[in-house]
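**Q** This is what each chain is made of:
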Amino acid sequence: MTSQPQIVQPPRVAVRLVNLFSSDKEAETIEGDLLEEYTHIASKRGASFARRWYWRQTAKTIAHLAGTAYRTAPWSTTSAIVGGFLLRRLTARFVEPAIFAVIDRYQIFEHHFSTYRFLASTGIDIGHILVFLFVGWVVALGAKGREMVATMTLGLIFGAMAVIAVLVMVSRTGDGAFLWRLTWYFADSFALVIGGAIVRTHRSAATARPSIA
Amino acid sequence: MSGRDYLGEFEHIIVLALLRLEDRAYGVTVRQEIELRTHREVSIGAVYATLNRLETKGFVKSHCGDPTPERGGRSKRFFRVTAKGVSAVNRTQRALQSMTEGLDLVRSYS
Chain A
3 MTSQPQIVQP
13 PRVAVRLVNL
23 FSSDKEAETI
33 EGDLLEEYTH
43 IASKRGASFA
53 RRWYWRQTAK
63 TIAHLAGTAY
73 RTAPWSTTSA
83 IVGGFLLRRL
93 TARFVEPAIF
103 AVIDRYQIFE
113 HHFSTYRFLA
123 STGIDIGHIL
133 VFLFVGWVVA
143 LGAKGREMVA
153 TMTLGLIFGA
163 MAVIAVLVMV
173 SRTGDGAFLW
183 RLTWYFADSF
193 ALVIGGAIVR
203 THRSAATARP
213 SIA
Chain B
584 MSGRDYLGEF
594 EHIIVLALLR
604 LEDRAYGVTV
614 RQEIELRTHR
624 EVSIGAVYAT
634 LNRLETKGFV
644 KSHCGDPTPE
654 RGGRSKRFFR
664 VTAKGVSAVN
674 RTQRALQSMT
684 EGLDLVRSYS
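Chains A and B are the protein sequences, given in the same order. Position one of the first sequence corresponds to residue 3 (the numbering used here), numbered consecutively onward. Position one of the second sequence corresponds to residue 584 (the numbering used here), numbered consecutively onward.
Since the hints were derived computationally from the structure, they do not count as laboratory data. No false leads were slipped in.
For lysine-lysine, the following DSSO-like pairs were computed, each having C-alpha atoms within a straight-line distance of at most 27 Å: (1) A:Lys62 x B:Lys644; (2) A:Lys62 x B:Lys640; (3) A:Lys62 x A:Lys27; (4) A:Lys146 x A:Lys27; (5) B:Lys644 x A:Lys27; (6) B:Lys640 x A:Lys27; (7) A:Lys46 x A:Lys62; (8) B:Lys640 x B:Lys667; (9) A:Lys62 x A:Lys146; (10) B:Lys667 x A:Lys27; (11) A:Lys146 x B:Lys640; (12) A:Lys146 x B:Lys644; (13) B:Lys644 x B:Lys667.
Beyond 12 Å from chain A on every Cβ pair, some chain B residues (computed): (14) Asp588; (15) Leu599; (16) Leu602; (17) His622; (18) Thr665; (19) Val672; (20) Asn673; (21) Arg674; (22) Gln676; (23) Leu679; (24) Gln680; (25) Ser681; (26) Thr683; (27) Gly685; (28) Asp687.
The C-beta atom is built at its ideal place from N, Cα and C for all residues, glycine as well.
With the hints as constraints, model all of the structure from the sequences given.
**A** What follows is the structure, encoded as structure tokens:
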């Protein structure tokens with residue numbers, strides 16, 4: 003009777019992140035290499051040491067893959083980022099009119115005041131999140147093979163712009179409550195990256211070939 | 584002769600690792616060989632980024648092995664140095680030797 007080598011499962015989130023950033027061609031080999039070493043380290047030095055090693059490798063690997071993705075196609079990646087920035091500026095102006103059109107159409111102000119309050123405040127923020135999700139999706143479609151780099155860069159740009167804008171507002175008005183707005187702005191950037199991850203996952207699934215388990 | 588004919592520092596290390604490992608050279612063994620000899624922690628991403636660049640330049644070639652159970656059914660990607668790669672490593676070695684010739688590095692600069 004022969005014994006099969008016991009495979010200890012590495013951190014799922016880390017595996018997923020490496021997959022999102024690597025090309026379809028690289029994903030299988032990188033994941034296999036990391037799993038092989040992880041299993042070996044876990045059997046020699048314990049699971050928690052191996053998990054820490056896996057996360058360290060994941061962080062460094064993602065940094066290298068992102069850098070390589072940008073260096074190999076700087077112009078198309080930059081075009082996708084600039085296009086996404088302009089698309090967001092174009093579409094964001096329709097969020098409030100669209101929500102107020104719905105409020106008017108169904109006479110929500112007259113009949114459901116609490117719903118009106120929700121739509122006119124949180125509803126607008128949710129509308130912006132959906133716009134960012136859409137922009138992330140479009141940017142990722144345009145940046146084939148570099149979906150995560152393009153959407154993460156754009157997310158960081160919007161995040162940095164939001165931080166600067168909020169700090170200016172706080173310094174001008176002295177009202178620290180503006181800082182709470184940052185949670186919505188960071189959610190916008192996160193939605194943008196999620197849009198990229200959706201496209202990346204869909205593309206990976208479309209090109210994945212069955213592997214022998 | 585252009586700068587493209589020479590190898591960068593990490594490219595040089597990777598090609599030397601491939602030459603040492605011969606037909607056992609794939610991501611894991613290359614990474615471990617570098618860590619063992621240079622005592623420098625290297626990520627698998629850095630190894631593949633450099634190997635892909637070297638393959639684009641025609642200095643290395645790769646082929647996929649069979650899927651194995653210890654890798655969860657994923658196959659290994661084996662690498663070997665091409666004749667062009669061997670020439671590049673020799674040229675880089677000669678350039679380094681010629682630049683260090685006559686320098687007493689330990690005594691003069693330590």
